[in-house]
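Visitor: Below, each chain spelled out in residue letters.
Protein chains: 2
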Amino acid sequence: MTEQELPGLYRGYIACLNEQDWPNLGAFVDDDVRHNGRRIGLSGYREMLETDFSEIPDLRFEIQLLIADAQGVASRLGFHCTPKGRFLGLPVNGKKVRFSENVFYAFKNGKITEVWSIIDKLAIEAQL
Amino acid sequence: MTEQELPGLYRGYIACLNEQDWPNLGAFVDDDVRHNGRRIGLSGYREMLETDFSEIPDLRFEIQLLIADAQGVASRLGFHCTPKGRFLGLPVNGKKVRFSENVFYAFKNGKITEVWSIIDKLAIEAQL
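Going line by line, the protein sequences match chains A and B. Take the first sequence: its letter number 19 is residue 19 in our numbering, and every next letter is one higher. Each position in the second sequence, counted from 1, maps to that position plus 1000 in our numbering.
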């Protein structure tokens, strides 16, 4: 696993999410993964994603910017989707919205061990 | 200007902000800089930062994560500060809060030409 391989690996991870290929998630995500400072583990991570797709049936991850070095990967993800009910505490209720997520990933042995994610809540508020 | 120089350059930019060394801001930020898709230019950028420091007198930028490659710089910035009034539409009103910003920068000729920033509004809401 070298630094040069990280972007390709990361694109594989995003394809896995878009295909909702949950049995394969463990190929990209470490058993002890932490998300925004909380250790949720691979099963908690999968649960979080399954909940996201259940609450946002047309959820799709689109990489808009990707920066990688020996520290890890940073990605700006774009979304254009339709949360069914409340989302981030906002009454989206079936409106189609555009927003971004700026997210950092640390890797160990080719798997994601830590994620620091921020979703652009202000952008969604501006569309409601 | 090589990819290897970007982290050092970026640390210089953050030091410039923390010193509120506005006459020197143009050494780091391009005249035609865009911020979250809007062309605000160097003067608009300086104005935005001066407003930030005026509304948050103890504002200080702390680099928590820094990832850089030929595409640019991604940084996770940490803040522990005291907005005087409303901040991101929230009634912070002089409470000291901790939050992060995940932000991407594109460079041209050693200067920042574009910024894509998201501040963790959810984290602040949770502290109010």
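If you are wondering where the hints come from, they were derived from the structure by calculation, not from laboratory data. Note that this is a predicted model, so its numbers are computed, not measured. Glycine included, C-beta positions come from ideal geometry on N, C-alpha and C. Any given hint could turn out to be false.
Stated by the list, open to error - Here are some of the chain B residues that sit facing chain A, going by a computed Cβ distance under 7 Å:
1) ALA1068
2) ARG1076
3) LYS1121
As the list claims (entries may be wrong) - Here are the simulated distance ranges between beta carbons:
4) ALA1123(B) - GLY41(A): 29 to 37 Å
5) MET48(A) - GLY1037(B): 26 to 34 Å
6) GLY89(A) - GLN1064(B): 34 to 42 Å
7) THR1082(B) - LEU88(A): 34 to 42 Å
8) THR1113(B) - GLU5(A): 27 to 35 Å
Stated by the list, open to error - Which chain A residues face chain B? A few, computed with CB under 10 Å, are given here:
9) VAL73
10) THR82
11) GLY85
Visitor: None of the hints should be skipped; say for each whether it holds.
Guide: The hints, checked one at a time:
Checking ALA1068(B) against chain A by beta carbon gives a least distance of about 6 Å; that is within 7 Å, so the hint holds. Contact between ARG1076(B) and chain A, as hinted, is supported at the beta carbon level, the nearest pair being about 6 Å apart and thus within 7 Å. The beta carbon of LYS1121(B) comes within 5 Å of a beta carbon in chain A, closer than 7 Å, and the hint placing it at the interface holds. With their beta carbons about 22 Å apart, ALA1123(B) and GLY41(A) fall outside the hinted range of 29 to 37 Å.
Between MET48(A) and GLY1037(B) the Cβ separation comes to about 29 Å, which falls inside the hinted range of 26 to 34 Å. Between GLY89(A) and GLN1064(B) the beta carbons are some 25 Å apart, a value that contradicts the proposed interval 34 to 42 Å. Look at THR1082(B) against LEU88(A): about 25 Å separates their beta carbons, and that is not inside 34 to 42 Å. THR1113(B) and GLU5(A) have their C-beta atoms about 29 Å apart, which keeps the hinted 27 to 35 Å range intact.
Below 10 Å, beta-carbon pairs count as interface contacts, and VAL73(A) has one with chain B at about 7 Å; its hint therefore holds. Annotation: THR82(A) was flagged as interfacial toward chain B, and the flag is violated, the nearest CB pair being 20 Å apart, outside 10 Å. Because the beta carbon of GLY85(A) sits about 17 Å from the nearest beta carbon in chain B, more than 10 Å, this interface hint is broken.
Hints 4, 6, 7, 10, 11, counting from the list given before, are not met by this structure.
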